[in-house]
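Work out the full structure, taking the sequences as your base and the hints as a guide.
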Amino acid sequence: MARVTNLATMTPAGRTRSWRIFAWILIAPTVIGMLLFTVVPIIGSLLLAFFRWDIMSAPEFVGLQNFAEAVSSPTVRVSFLNTIAFVVVAATLQLGIALMLAVLVQEKMPNWLRVFFRSVFFFPLILSAASVSIFMSYLFNEQFGVVNWLLSLVNIPAVPWLTTSSGSAAVIILVYVWQNFGFSFLLFLGGLSSIPKDMYEAAELDGAGGWGKLVHVTMPLLSPTTLVASVMAVINALQVFDQPYVLTRGGPGDSTRTAVMVIFESAFQKLEFGLASAIGLILMILIMFVTYIQFRLSRRFVFYQ
Amino acid sequence: MSSGITRRALVTAAALGIAGVSVGAWPRLSGADIPGRHAKGLRVAILGNSADAEARRGIAEAFMREHPDIPVHLQAIQGADWKDFFAKILTMVAAGNAPDVVYVATEGTQLFAEKLAEPLDSYVQRDAQQVAEYFADVHPSLIEAFMYRGSLFQMPLDFNAANMYLNSSTLRRAGLEYPPAEWTWDDFESMMRGMKKREGRGFTPYYWTNRLFGGVVPWLYTNDTSFLTETRAQGGSWLWNGFYRGEATKTPRSGGYLWENPNAEDPKVLETFEFLRDLVDQGLAVRPEGGGGNSLVGLFANGKIGAAPAGGYWVDGLVQGGMGPKDFDVQFFPGQRSQRHQFGAAGYAIMRDSKLKDEAWEWVKFTARRDQMLTMFDRPNTTPTRRSMVNEAFYAKTGPQHWKVFYDTLDRFPTSGPIPAPPQQAAIETALMKNVTNAVGGSRAQTRQALGALQRDLELAMRSV
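So the protein lines, in turn, are chains A and B. Going by the numbering used here, the residue at position 135 of the first sequence is 135; the numbering climbs one at a time, nothing skipped. Going by the numbering used here, the residue at position 23 of the second sequence is 23; the numbering climbs one at a time, nothing skipped.
FYI, nobody ran anything at the bench for these hints, they're computed from the structure. Ideal placement from N, C-alpha and C gives every residue a C-beta, glycine not left out. Please note that a few of the clues may not be correct.
Claimed, not checked - Footprint (simulated), chain A over chain B, 3 or more residues, beta carbon under 8 angstroms:
hint	segment
1	88 to 99
2	418 to 427
3	430 to 441
Claimed, not checked - No more than 20 angstroms apart at the CA atoms, straight line, and that leaves these computed lysine to any residue pairs for SDA-like:
hint	chain 1	residue 1	chain 2	residue 2
4	B	K268	B	P252
5	B	K115	A	P59
6	B	K88	A	P41
7	B	K115	A	F268
8	B	K268	B	Q455
9	B	K196	A	F144
10	B	K326	B	H402
11	B	K304	B	T209
12	B	K355	A	F268
13	B	K404	B	Y178
14	B	K88	A	D54
15	B	K115	A	E60
16	B	K304	A	F144
17	A	K108	A	S193
Shown next as structure tokens:
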């Protein structure tokens, strides 16, 4: 029969074992949740990629046909290229703006203003991306949008924001970056506040000015945060869906169609769940590859104190 | 054997357990609280929100008074459009949580008929006497739209033809007359030019949307073509001979529409797109992707738009937008090679896997009764399929003056057809929307190129499902 014992009377090995069991009990809900809602779907999706399945009929094994179809489809190819172009521009802007503002807020603002801006910049992130995109579609409407009305005040003709390839891409990037840079901003702000003041004082004694301190102190010491922020920004941007789906539905043509949009359309519109899984798998491999490259590169530019 | 669990750990675990039980005991919302989920009885899914479900509550209660043994649970499923709604229904099917009855529009009729819905043939034939009055009141064109390969899958309750709404105030200001019924594309273009000349900047004569209903399709139909080939299935004589004996001799009826091949490179399709491209190019029409749905009614009501294609569903919205009966009017769609109209309709479909098919049929029959349709359609936010309900009284407070156009469309142009929606509707619509933007928004050369791309995309889309 199990016996309740006092921790103090137990041997070190028994103590370790009992803590291990207790730790497992505590993390069990999370582990079970992860297994059920992340690992099992990934395995399911992996298997589904080798089948043709439309929900209603029985799945039919098709081998690598879904992958061949995905690779040969011009729409899939264009969507991946669009996604990569989007990631490059959006993630760069998101990180650049967030870093710039974080440095500005950290160095130039009093504490109470810092708190204010932290909330203001983070606020867009808690809004639903779909709602924001609907709202933005009104702002950027060519005929009656506020943006074109403001431009008309300075005699700039109406810009077809959402009906041309370049205009649509610009609006999607703008909306995405506006909504997401707050998260990177918070990460950078946290990273900046952990840089010891004496580092700056030492740099000043060595004759470093504002730019010198930024390049030789802030950036190197912030590099671990930059790595985390960039990995997260890139992973999120690779999965962009809401903004292009609501603002342009991927158009005009395929010009703003992204990889996740094609996955959604393949699964829930064309009812090709196998093909959707295959495209999803390709996207997952791309995300893993890009993340791996980022970590590999980080060995060169990330400095840990 | 020692368990290794300390007293403190045990107390902590017990405390956590008690806390968990306490939290769990609080009344809270869960998946089980979703109306209709896992409920016993007939589950009826509709596109809309809880307010839409509430609007049909009266009908459900009336049904349960007549059929106390069949509890009805209305499930309102939100979706941006029908395509979105069908995707959610399919997800419910995949999850083993499918409803028994679904309100399906023409966009999804053939998808449901092919994969999910039960034919109504045996029920209709069994209760022919009870439903004869319904068929006598509903135009056969609407019924034919719900035939698929010789079987009837739905009894449509409401429909909307793509007619042309005109802003009467704008017409008056531009010194333009309400057009005659037989007006043409040229008449339309000249009217739009007149409006633009009068109103100038900030005004768009023609606003339209990029989708299967009311987009390019009405223009294609009136040019005697479509982006898909259209043939008719054999069969259906049991219905036509049984309920439309006199009518069917006037206009041949079939076992339903078949859209089996892409037709985007037809010269008449190119001609249609070039006409639309020219309208856009001249600033007489907005690019279709810019004419998004919800804003349209408000813009029309505010006099920012001169004309737009829509059906009877627009009336209520315009009135709520502040328009009076004389502020707007409606006319048939302008013709070119023909004046064949496009329409969309909707009705209840019984799910093939439902265990309550007989009960579901009772619901279908009940909701198609005139008294119930009068309850359901108490204001002109759509056009009832029953001819007898589309009357002066229905439009007395709202207008438009030429409300007869709504139903006359079917009588005057009996070859008018439904939205071309084969079982691959979602993929077809995606392909169409994608290429329409390029076809009407660029150069003339780009139009031809975009139609080539549309043809290829449609070929791929037809392979799905």
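The hints, checked one at a time:
1. 88 to 99: Our answer is that it holds, as 4 residues pass the Cβ test (under 8 angstroms) against chain A, meeting three.
2. 418 to 427: holds (count 3)
3. 430 to 441: holds (count 7)
4. K268/B / P252/B: Distance ~25 angstroms between K268/B and P252/B Cα, so the pair is violated.
5. K115/B / P59/A: Given pair K115/B, P59/A holds - Cα atoms ~15 angstroms apart, limit 20 angstroms.
6. K88/B / P41/A: With a Cα-Cα distance of about 19 angstroms, the restraint between K88/B and P41/A holds, given a limit of 20 angstroms.
7. K115/B / F268/A: Holds, because 15 angstroms separates the two Cα atoms, which is no more than 20 angstroms.
8. K268/B / Q455/B: Given that 20 angstroms is the threshold and the Cα spacing comes to 14 angstroms, the pair holds.
9. K196/B / F144/A: Holds: K196/B and F144/A sit about 16 angstroms apart, inside 20 angstroms.
10. K326/B / H402/B: holds, 10 angstroms
11. K304/B / T209/B: Holds. K304/B to T209/B sits at ~16 angstroms (cutoff 20 angstroms).
12. K355/B / F268/A: Violated, at about 26 angstroms.
13. K404/B / Y178/B: holds, 15 angstroms
14. K88/B / D54/A: holds, 14 angstroms
15. K115/B / E60/A: holds, 16 angstroms
16. K304/B / F144/A: holds, 9 angstroms
17. K108/A / S193/A: holds, 13 angstroms
Figure legend: structure checked against the earlier numbered hints; hints not met, in rising order: 4, 12.
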